[in-house]
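A.B. asks: Listed below, chain by chain, are the residues.
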Amino acid sequence: MNNIIETEGLSKQYGNVYRVKDVDLSVPEGAIYGFLGPNGAGKSTTLKMILGLTKPTAGAITVFGKRVNSKNRLENLKHVGSLIESPSYYGHLTGAENLRIFQTLRGVPKQNIVDVLKIVRLENQQHKKVSQYSLGMKQRLGLASALLGYPKLLILDEPTNGLDPAGISEMRELIQSLPQKFGMTVVVSSHLLSEVDQLATRVGIIREGELVYQDSLTKLHQYSKQHLAVRTLNNEVTKAFLSQNGVTWEAEDDYLIIPQMRDTRMAEISKALGQNNIGLVRIEERKKSLEDIFLELTGTAVSL
Amino acid sequence: MSAAIWMEVLKAKGRKIWLVVAIMMAVQLLWAGWAISNKDANDLAQGWLFFLYQFPMLNCIIMPVIAAVVASRLSDVEHKGQTFKLLETIIPTKRIFAAKFIWGSIYMLGAALGQLAIMIGMGVVLHFGGPVPWGALVGYLLFTLMVSLTIYVFQQGISMLVANQMVPMTLGLIGGFIGLFSMFFPQGFQKLVLWSYYGVLMQVGMNWDPITRATDFYWKAIDWPGLGLILVFFGLIYGVGQILFVRREV
Ligand SMILES: Nc1ncnc2c1ncn2[C@@H]1O[C@H](COP(=O)(O)OP(=O)(O)O)[C@@H](O)[C@H]1O
Ligand SMILES: [Mg+2]
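In the order they appear, the protein sequences are chains A and B. The opening residue of the first sequence carries number 25 in our numbering; numbering runs sequentially from there. The opening residue of the second sequence carries number 5 in our numbering; numbering runs sequentially from there.
No lab work stands behind these hints: they were computed from the structure. Any given hint might turn out to be false.
Sample of chain A residues lacking proximity to chain B, with all beta carbon distances greater than 12 Å (derived) [said to hold, decoys possible]:
# : residue
1 : Asp48
2 : Ala84
3 : Tyr114
4 : Gln150
5 : Ser193
6 : Val261
7 : Ser267
8 : Arg289
Taking lysine to aspartate or glutamate pairs in the DMTMM-like style, the calculated list, with each CA pair at most 25 Å apart, reads [unchecked claim]:
#  : chain 1 : residue 1 : chain 2 : residue 2
9  : B       : Lys17     : A       : Glu121
10 : A       : Lys45     : B       : Glu253
11 : A       : Lys102    : B       : Glu12
12 : A       : Lys95     : B       : Asp80
13 : B       : Lys98     : A       : Glu121
14 : A       : Lys152    : B       : Glu12
15 : B       : Lys17     : A       : Glu147
16 : A       : Lys153    : B       : Asp80
17 : A       : Lys152    : B       : Glu253
18 : A       : Lys153    : B       : Glu12
19 : A       : Lys243    : A       : Glu32
20 : A       : Lys90     : B       : Asp213
21 : A       : Lys79     : B       : Glu253
22 : A       : Lys134    : B       : Glu12
23 : B       : Lys84     : A       : Glu32
24 : B       : Lys84     : A       : Glu109
What follows is a list of derived Cβ distance ranges for each label pair [unchecked claim]:
#  : chain 1 : residue 1 : chain 2 : residue 2 : range
25 : B       : Ile9      : A       : Asp188    : 38 to 44 Å
26 : A       : Tyr38     : B       : Lys224    : 53 to 59 Å
27 : B       : Asn168    : A       : Tyr38     : 19 to 25 Å
28 : B       : Ala30     : A       : Arg124    : 32 to 38 Å
29 : A       : Asn96     : B       : Ile9      : 22 to 28 Å
30 : B       : Leu146    : A       : Asn185    : 47 to 53 Å
No experiment lies behind these values; they were computed from the predicted model shown. The beta-carbon is built from N, C-alpha and C at its ideal position, and this holds for glycine as well.
For reference, chain B alone in the conformation it holds in the complex (with noise of 0.2 Å):
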């Protein structure tokens, strides 16, 4: 298993992927600033609750982006070259599966690891309202990693299994903009879409007073069913992903 991963980071070489985790940390980057330029110091005292429940919000539409384009990275060299046939006369055909997953969920925890940093570094640059809050940080970090695997292994299967990568690249935008909007949409509908999970194990909730136009944030406790569903989704997705990978014929 090991040699097959690190075959994985040798075919990654020279292809650039983490230029695109860099580039949409780097865009991440940039909202935050702009998100927090124009708070007052009133606001800047609940930054922390601020920043993990815009973050999220982004996120359904940034990380789709980042696995949709380091699961079509990782896979085309092996469409292009034509490798599976040779790959699955050495090692099981499972076994490629998982070592493209376990390399792609690198890239995927080194952009959920980037954007804590950027958390992480704003809050204590700009002094925002009480100690950094590692639980809730913490948290931040598992829900976006376990969501974000989730979207990834979706992204892998399609990736794998399709030559033309217009096709996954396609349906992983469409997904993030349907968890973006999906916030609009009522619990139950939520918690079917895939892609609207950063939304649904979000730990801060927001009030809006539409009279004095003030927004209060408030700590929320965590879905438990949702993060149940995510975890079912995980397991069945890999599960459908794998056999259809297996099964297909070369």
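Next comes chain A alone, as it looks inside the complex (with noise of 0.2 Å):
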């Protein structure tokens, strides 16, 4: 599969900072890529990186598979569209002549304004001045300006961001519907683990500017697999029989959790902490949720 985005020690210094530090990011074509990390992560900057609004300090960027440079960034940008931090937009203006505006600098049909209005459900809205819109729909029209083009790559930096639940319901079905609809490969970015969670194939998490985790969603799920806890009347000689017996163990208060597996495992298990006069006390089933998982990686409460 071929990938449209691909950086490579991506990295960008503030000061004697580094906000961003050696990100790979490699999002595959068709892909909605969920770029997860908390607030000041590096997400706004690294996607900023990526369409040129800011120059990095080290790394290289390959966009549909070309290098990218001061020269050709432009023309790799006719097949992007953006909406980077919050939507950009001329309040004086109504919503159908912002659109006009940003249709005949890219030169594209003027068709495209009365379709792209029609996919964010603008139309009726489109004659009110944009100060007078709210902020959902000024994040519609944002991804309408996105949109304009029929990019090929799609850049959204928190798109669901201030809006209320239904319109994030909203957005999030128009953003999973494009990639089959348009053949469109999305990037967008979050720091809600759930929003990820229900909108990505594939996900990046970002933490102080580092990449901390880059796979599918289904992988990061697998991590969220079952556990066993068990409790012993004595955890360490328990340790050290599992151990002997080749299974991997954590400690976790009383508790040593160890992996899923077969009832007919467990038995002998059971059995022969049972020989050892080892008491076994307890055997619970846990589950790790994605939000510890988020938290471990980026140290960072989920905020939900």
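Assembly of the complex is requested from the two constituent chains, each provided in isolation within its own frame, with the hints serving as guidance.
C.D. replies: This is the structure in structure tokens:
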């Protein structure tokens, strides 16, 4: 599968602090790439570097298989739509006039304005001044501007920020429909795990400027598979016993966390423990939540 | 390029920028009317010279105000709507700067033409002495435009770099006042200050006799070094403004 975006050692220094450090992003064609990280982790900075709005301190960026430089930047961006941090708009003009400006500058057909207004469901508000739009409407107008040229790649930086729950789910459905409908590859950043979980096919997690996880969403879910927690009268002896029998363990409070296993295997182990006079007092099934994993990866509590 | 300029025209819609130019022209017209009203027939014989002396003086403050307001009105919509980060993914950053400069220049041209119309109109109505001095009037238009566009590009550079429009407005006003008072400073100093070039490029001089208290205007040779310098100023300010605008990160 082709990667639409690839970065290599992408870094950005502000002052003497690296706010983005050695990020190797890979966004496969047709993916909805969820770029997840707490506020201030470096999501916007990374996306701005990909768009050439901010100059990287180090590293290389490849988009559509071409290494990006200041000469071919705009040529490449013809096929990229973006919405960074907050929508760009002229408040004193109407929604349609706003789109007219970006459509003219992009040199794409006028008909696209009508089409994207329909996609984001703003047809009925298009003749209202944007300064009178609600935040959700502005956000949708921002998405419409990004969609104007039917780009192959869409970069959306926290597009649901500040929306109410209904607006969030509407925006999510909209984004989700884009790859099938228009063959777009979408990068969408968020600080909300639940959002990425519901939207993305591939996930990149950034923490303090470093990419700490990057793989499919399915893989991330596998980390959250079930475990067993056992408690015995003598956990110290149990640890040694488990190790001898090739069972990995992790101590957690009064419990030892061991991998999920077949019933027959567990029966063998409990029998062996009894024979060694180690009283087995509890066996529980435990599930590590996605939130716990996110917390471990980013060191930040999930905000829901 | 032409698309970018047309979009500037569209963005300026409903921003009442021409109203600002019109108000400043009305001020200039009122002032000219007042200045000429206490002149006798003798003075009116020198009417053209009088205007071509007084208008540049007044321009030291009028034009910088127009330039500051126009540049600020054209730029603040971009800051308010955070549009640079989208525009810069569509067209070259240099072109954003150039398109705004060209559309802003039209307002400055409008103001300069307005002044010309006031001078010619009053001169013809009040029967100033001698034929209409077309050569000097064209010179006035060119010099006024040259200086005004240089001041405008200075204002535009700051207005586009700094989101808070109080900064360029304040600088513009301070510049205007320095220009106004630079008449009383030595020639060498005048040529260092952008806003005093309306005076530097004046085509008319004035003698004032302290005993008879009479004023006498006379034609002056064009200050070619001064004209060369303002061209250099323009190139430098445009170049530096553009570089800073392109380099800044959004
Ligand atoms: N222009 C800048 N100058 C200095 N520091 C910046 C600048 N832009 C962003 N930062 C810092 O870089 C870090 C990452 O910011 P950002 O990429 O906006 O994070 P995110 O989008 O993940 O919330 C933050 O600590 C922020 O303060
Ligand atoms: Mg951000």
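A.B. asks: Now tell me if each hint is right for this structure.
C.D. replies: Status of each hint after checking the structure:
{"no.": "1", "hint": "Asp48", "in the structure": "holds (22 Å)"}
{"no.": "2", "hint": "Ala84", "in the structure": "holds (19 Å)"}
{"no.": "3", "hint": "Tyr114", "in the structure": "violated (5 Å)"}
{"no.": "4", "hint": "Gln150", "in the structure": "holds (15 Å)"}
{"no.": "5", "hint": "Ser193", "in the structure": "holds (26 Å)"}
{"no.": "6", "hint": "Val261", "in the structure": "holds (61 Å)"}
{"no.": "7", "hint": "Ser267", "in the structure": "holds (54 Å)"}
{"no.": "8", "hint": "Arg289", "in the structure": "holds (57 Å)"}
{"no.": "9", "hint": "B:Lys17 <-> A:Glu121", "in the structure": "holds (11 Å)"}
{"no.": "10", "hint": "A:Lys45 <-> B:Glu253", "in the structure": "holds (18 Å)"}
{"no.": "11", "hint": "A:Lys102 <-> B:Glu12", "in the structure": "holds (21 Å)"}
{"no.": "12", "hint": "A:Lys95 <-> B:Asp80", "in the structure": "violated (29 Å)"}
{"no.": "13", "hint": "B:Lys98 <-> A:Glu121", "in the structure": "holds (23 Å)"}
{"no.": "14", "hint": "A:Lys152 <-> B:Glu12", "in the structure": "holds (20 Å)"}
{"no.": "15", "hint": "B:Lys17 <-> A:Glu147", "in the structure": "holds (22 Å)"}
{"no.": "16", "hint": "A:Lys153 <-> B:Asp80", "in the structure": "holds (17 Å)"}
{"no.": "17", "hint": "A:Lys152 <-> B:Glu253", "in the structure": "violated (32 Å)"}
{"no.": "18", "hint": "A:Lys153 <-> B:Glu12", "in the structure": "holds (18 Å)"}
{"no.": "19", "hint": "A:Lys243 <-> A:Glu32", "in the structure": "holds (23 Å)"}
{"no.": "20", "hint": "A:Lys90 <-> B:Asp213", "in the structure": "violated (76 Å)"}
{"no.": "21", "hint": "A:Lys79 <-> B:Glu253", "in the structure": "holds (8 Å)"}
{"no.": "22", "hint": "A:Lys134 <-> B:Glu12", "in the structure": "holds (18 Å)"}
{"no.": "23", "hint": "B:Lys84 <-> A:Glu32", "in the structure": "violated (34 Å)"}
{"no.": "24", "hint": "B:Lys84 <-> A:Glu109", "in the structure": "holds (14 Å)"}
{"no.": "25", "hint": "B:Ile9 <-> A:Asp188: 38 to 44 Å", "in the structure": "holds (40 Å)"}
{"no.": "26", "hint": "A:Tyr38 <-> B:Lys224: 53 to 59 Å", "in the structure": "holds (55 Å)"}
{"no.": "27", "hint": "B:Asn168 <-> A:Tyr38: 19 to 25 Å", "in the structure": "holds (21 Å)"}
{"no.": "28", "hint": "B:Ala30 <-> A:Arg124: 32 to 38 Å", "in the structure": "holds (34 Å)"}
{"no.": "29", "hint": "A:Asn96 <-> B:Ile9: 22 to 28 Å", "in the structure": "holds (25 Å)"}
{"no.": "30", "hint": "B:Leu146 <-> A:Asn185: 47 to 53 Å", "in the structure": "holds (52 Å)"}
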